[in-house]
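Residue numbers (the numbering used here), protein chains in the order written: chain D, 691 to 808; chain U, 691 to 808.
A hint or two may mislead.
Each pair may be met inside one copy or between any two copies, as identical chains are not told apart.
[Unchecked claim] Calculated lysine-lysine pairs in the DSS-like style (CA-CA distance at most 25 Å, straight line):
#	residue 1	residue 2
1	K777	K700
2	K773	K700
3	K773	K705
4	K777	K705
None of these hints come from the bench; they were simulated from the model.
Here are the chains, one letter per residue:
2 protein chains.
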Amino acid sequence: MSECCVHPEKTEEIKGQLPDSCQLFDLAELFKMFGDSTRIKIISVLTHRELCVGDIAAALDMGQSAISHQLRLLRQSGLVRCKRQGKTMLYALADSHVQDIYRIGWEHITESEGDGNA
Amino acid sequence: MSECCVHPEKTEEIKGQLPDSCQLFDLAELFKMFGDSTRIKIISVLTHRELCVGDIAAALDMGQSAISHQLRLLRQSGLVRCKRQGKTMLYALADSHVQDIYRIGWEHITESEGDGNA
DNA sequence: CCAACATATGAATATATGTTCATATGTTGA
DNA sequence: TCAACATATGAACATATATTCATATGTTGG
Numbered sequence: 691m692s693e694c695c696v697h698p699e700k701t702e703e704i705k706g707q708l709p710d711s712c713q714l715f716d717l718a719e720l721f722k723m724f725g726d727s728t729r730i731k732i733i734s735v736l737t738h739r740e741l742c743v744g745d746i747a748a749a750l751d752m753g754q755s756a757i758s759h760q761l762r763l764l765r766q767s768g769l770v771r772c773k774r775q776g777k778t779m780l781y782a783l784a785d786s787h788v789q790d791i792y793r794i795g796w797e798h799i800t801e802s803e804g805d806g807n808a
Numbered sequence: 691m692s693e694c695c696v697h698p699e700k701t702e703e704i705k706g707q708l709p710d711s712c713q714l715f716d717l718a719e720l721f722k723m724f725g726d727s728t729r730i731k732i733i734s735v736l737t738h739r740e741l742c743v744g745d746i747a748a749a750l751d752m753g754q755s756a757i758s759h760q761l762r763l764l765r766q767s768g769l770v771r772c773k774r775q776g777k778t779m780l781y782a783l784a785d786s787h788v789q790d791i792y793r794i795g796w797e798h799i800t801e802s803e804g805d806g807n808a
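Just need the whole structure built from these sequences, with the hints factored in.
Laid out in structure tokens, this is it:
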């Protein structure tokens with residue numbers, strides 16, 4: 691067993707700095723929405739324009755149902771909003787934060803190597 | 691059935707704008723690392739300082755093994771780096787992008803409401 | 001080299017999650 | 001109101017993932 695290196699004082703200080711557990715949970719839930727190939731593709735196409743469900747499904751070569759399910763999750767997480775237009779539903783990114791997160795993630799993977807600071 | 695609203699020309703244009711499928715996969719994998727409560731907690735404590743495995747486990751009230759497994763995933767994704775210091779392993783965030791992504795996500799959830807642009 | 005410690009890792013288990021299928025809901029035009 | 005369309009949704013299934021347990025690896029001091 692052994693309690694590992696555990697430095698009690700340091701540990702307590704860290705605990706004090708750790709944000710509220712619920713907020714960290716929400717934060718994880720937020721990133722989880724970006725953490726699926728289908729959803730990130732949806733977000734990607736929505737960065738260019740608003741689209742209806744059928745066009746998203748066609749562009750991604752996926753079933754309407756799968757897209758709809760994922761759009762529901764994105765909606766519930768507040769990442770996309772939708773408005774009805776006749777028989778179709780137009781989806782769009784909810785706010786600029788979504789684009790910001792997408793963009794910074796994109797920058798990270800395209801730079802693709804450690805920047806060797808430190 | 692029905693092919694939904696599918697506008698063929700629009701769909702083709704969207705497909706053309708869609709980034710490489712592999713890159714989107716990598717992007718999803720990146721965000722997936724942030725999309726788990728345990729890992730986001732680890733990232734959170736590492737934003738303040740570098741820490742050894744045991745202290746992270748103690749601060750998070752979790753088993754050493756669970757933390758070690760998650761640290762391995764974070765390492766493999768290039769989000770944290772580690773260096774040995776005697777018997778312990780010191781972990782730190784790999785680069786500033788990790789902090790950036792964390793911070794922007796944090797801003798999003800703390801503002802917690804749509805900014806109503808558009 | 002050996003004992004004690006710190007971390008890593010493989011296997012097993014439980015749970016979460018994504019897609020599909022079938023069908024329900026809601027909208028439009030005749 | 002009815003038929004055709006676009007989307008939403010529940011259930012079922014397959015897969016992915018997180019944690020635990022046991023144990024292996026690697027380091028230090030005697």
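TODO: At 25 Å max between alpha carbons, let me know whether K773 reaches K705 within a copy, between copies, both or neither.
DONE: For K773 and K705, only the inter-copy Cα distance (23 Å) is at most 25 Å; the intra-copy one is 43 Å.
Open item on the list: Treating 25 Å as the Cα threshold, decide for K773 and K700: within, between, both or neither.
Closed with: Cα proximity of K773 and K700: across copies only (19 Å, versus 51 Å in one copy).
Open item on the list: One pair to classify: K777 and K700, alpha carbons no more than 25 Å apart. Within, between, both, or neither?
Closed with: For K777 and K700, only the inter-copy Cα distance (18 Å) is at most 25 Å; the intra-copy one is 59 Å.
- [ ] Evaluate K777 and K705 at a C-alpha cut-off of 25 Å and name the case that applies: within, between, both or neither.
- [x] For K777 and K705, the Cα distance is within 25 Å only across copies (23 Å; inside one copy 52 Å).
Consistency note: the structure conflicts with none of the earlier hints.
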